[in-house]
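Engineer: Residue numbers (our numbering), protein chains in the order written: chain A, 1 to 321; chain B, 1001 to 1277.
You may find that some hints are simply not true.
Residues of chain B placed beyond 10 Å of chain A at every Cβ, according to the derived structure [claimed, not checked]: (1) I1050; (2) V1073; (3) S1106; (4) N1138; (5) E1168; (6) I1196.
Below, computed lysine to any residue pairings styled on SDA-like, alpha-carbon distance capped at 25 Å [unchecked claim]: (7) K1013/B to S200/A; (8) K114/A to L1009/B; (9) K1133/B to I45/A; (10) K21/A to R1182/B; (11) K22/A to E1168/B; (12) K1265/B to E120/A; (13) K1139/B to Y275/A; (14) K72/A to Q47/A; (15) K1013/B to I219/A; (16) K1105/B to D196/A; (17) K1105/B to L1185/B; (18) K1099/B to L1170/B; (19) K21/A to A1098/B; (20) K114/A to I45/A; (21) K1013/B to M221/A; (22) K22/A to L1104/B; (23) K22/A to K1139/B; (24) K22/A to F1107/B; (25) K1264/B to R112/A; (26) K1139/B to N60/A; (27) K1264/B to I1165/B; (28) K1105/B to F25/A; (29) K114/A to K1265/B; (30) K1013/B to I122/A; (31) K1099/B to Y27/A.
Note that these hints are calculated values from the structure, not bench results. Note that the Cβ used here is the ideal one computed from N, Cα and C, for glycine as well.
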Amino acid sequence: MKRISTESSPGRKKLSETEFKKRVFAYTAILPVILIFGFVRIVPIFQNFLYSFFQSTIGNPLQQFIGFTNFKDLFADDLFVLSLRNTTYFAVFVTLFSVAFAVLLAALLSTRSKASALYETIYFLPVITPMVPVAVVWKWIYDPTYGLLNYVLSWVGIEPIGWLVFPNTAMVAIIIMSVWKIVGYNMIIFLVGMRDIPESYIEAARIDGASTMQVFWRIIMPLLRPIMLFVLVISTINSYNVFTQVFIMTSGPQGAPGNAVRTIVFDIYENAFRYFRTGYAAAEAVVLFLIILALTLLQFGISGNKERREKRRLLRKGGLV
Amino acid sequence: MKNYSGKPLVILKHLSLLLGASIMVLPFIWMLSTSLKPPHEVLSWPPQLIPNTVTIQNYVTVFATAPFARFFVNSVLMASLSTVAILITSSVAGYVFAKFNFPLKSFLFILTLSTAMVPLEVYMIPLYMSMVKMGWVNKFIGLIAPYLIMSYGIFFMRQNIMASIPDELLDAARIDGASEWRIFLSVVFPMLGGPIGAISIFAFQQTWAAFIWPLIITSSRELWTMELGLGMFQYRFTVDLGPINAGSMLSIIPVLIMFLLMRKKIIQGITLTGMKG
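Next comes chain A alone, as it looks inside the complex (with noise of 0.2 Å):
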């Protein structure tokens, strides 16, 4: 209040009156949801990274300072290494398949009407059902005994398959049930980009003797390129932190044989709170998000200016931001 009574025109100390309250307020009211964020996002975050370098014990992750042998360990164990191949594998099956598939089904979809609506509507239901019902429901369907695939599978004259009893099987499994889950959220990426391009372009190409194919691949898919770029960086990322699904389908007798869908996050979850190896698992945790930070830089690296743009005002066009 000092500063204002300083001020000599009246005129001015009236306005920087009314420019201290707005500051004020600002600071108020930005402080309580910084000090939040902070201390659930941001000091965790740093603190992983200390955490890594650190030898722990219960109770106290900082136990004492080893450089990078956490890491070297990690590299060296065979349960981590294998859970970093499954996740990859399983990244990257999930996202091929649900890009694939939403792809198509965009295509197919794309002229509005009544029918695409409640396609959209059906096809988005698993993308809202939460993770646990869903894979208890699947873990019952994929059941050796009695469970409905096998029974379907049956009609062709399939013999019943173990599908979470063989570690062959079982992570296909777990992949076609997360593709089911994610396959309608990509779908709805793709339909607002392709419900974007201009009519006349179709036409044209049309007027000119391309066919459906040629007009689907040379004018549609290049225009779709920064939403496919998006849609397999948000997969791929998503899809590196799978757990609740391989944590319930894996559990009980009914489960799959635990390492041979084990992932990364799982590997955490036990090294951490099973085995209290706080150190070792926050070095796993590094790993993961330096996939992850990989993923989002190569979108940003990948797609020049012009393409971010274009994709943000796509985004905005079909009302998403």
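Mind docking chain B on chain A? Use the hints.
Structural biologist: Chain B only, in chain A's frame:
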């Protein structure tokens, strides 16, 4: 974009869409059907999609043998309080970032936004240790703490406020002598109906579906949420398929109702955020 498929493909198109839609819906129908079957029918062969006898016994059992009523209340409490908190923090911070200038503003904004891509799984270990320090392990406050803020909520609010609330309106209120908090509460907040709807649906859905955090932060059943209770009961305790599917139905019904009522907003909200807070 017009329908670019040739006539002969139209039938194939509708068949594929129908087949795909059946695959999408079938697990839900199977869940519902199993939840309504008496025990001897659950394990029948061949599987019956429509139960011969419809019973609500499984729903009674799930409440009688496990504290599912408790789980349900916990989930409702956790999801609604988190939604309210996210609405408050997002609109306040979004408003400040949209309409005020102060040192460190860009830094703080970038800080809140850039952490959006970092999933909870990456920093849950230090977060858990902080909860230990605060004595918040196995407490409701510890359960809900990570779900009080949402990066994209702040971003979304900021975009909306910048686009829809003119500075002149705020200045007019200031000239009328309204205090800054009063302006926020009675001028700005009432104009945020649209984004509030989208964010609240998304926040509720996200917190309701939370699994790994409740799993590590709670140790007593009294605090388990619907998702955690289901996850635990399906292997740690012997609960038959009938009741566990009944529990699954109960866990998806609130989200399902919300979705069917507000389909458009939900699709927008969720697509916007990339499913991560």
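Engineer: Is K22/A within 25 Å of E1168/B, Cα to Cα?
Structural biologist: Distance ~15 Å between K22/A and E1168/B Cα, so the pair holds.
Engineer: Need the status of pair K22/A, L1104/B: alpha-carbon distance at most 25 Å?
Structural biologist: 15 Å, holds
Engineer: Since I1196/B was said not to touch the interface, does its Cβ keep a gap of more than 10 Å from each Cβ of chain A?
Structural biologist: 15 Å, holds
Engineer: Holds or violated: are the alpha carbons of K1105/B and F25/A at most 25 Å from each other?
Structural biologist: Distance ~13 Å between K1105/B and F25/A Cα, so the pair holds.
Engineer: Would you check whether the claim that I1050/B is not at the interface survives, using Cβ distances to chain A and the 10 Å cut-off?
Structural biologist: The claim stands: I1050/B keeps its Cβ more than 10 Å from every Cβ of chain A (closest is about 13 Å).
Engineer: Beyond 10 Å from every chain A Cβ: check whether that's true for V1073/B.
Structural biologist: 17 Å, holds
Engineer: Below or equal to 25 Å on CA atoms is what counts here, so check K114/A against L1009/B.
Structural biologist: Since the Cα atoms of K114/A and L1009/B sit roughly 20 Å apart, the hinted pair holds (cutoff 25 Å).
Engineer: Do the alpha carbons of K1013/B and I122/A lie within 25 Å of each other, as the hint requires?
Structural biologist: 16 Å, holds
Engineer: Verify the proposed pairing of K72/A with Q47/A, using a straight-line Cα cut of 25 Å.
Structural biologist: The given pair, whose Cα atoms are some 20 Å apart, holds under the 25 Å limit.
Engineer: Can you confirm whether the C-alpha distance between K1013/B and M221/A stays at or below 25 Å?
Structural biologist: 19 Å, holds
Engineer: Could you grab the alpha-carbon distance between K1139/B and Y275/A and see if it respects the 25 Å cut-off?
Structural biologist: 22 Å, holds
Engineer: Hey, K114/A versus K1265/B, does the alpha-carbon distance stay inside 25 Å?
Structural biologist: 18 Å, holds
Hints 16, 20 and 23, counting from the list given before, are not met by this structure.
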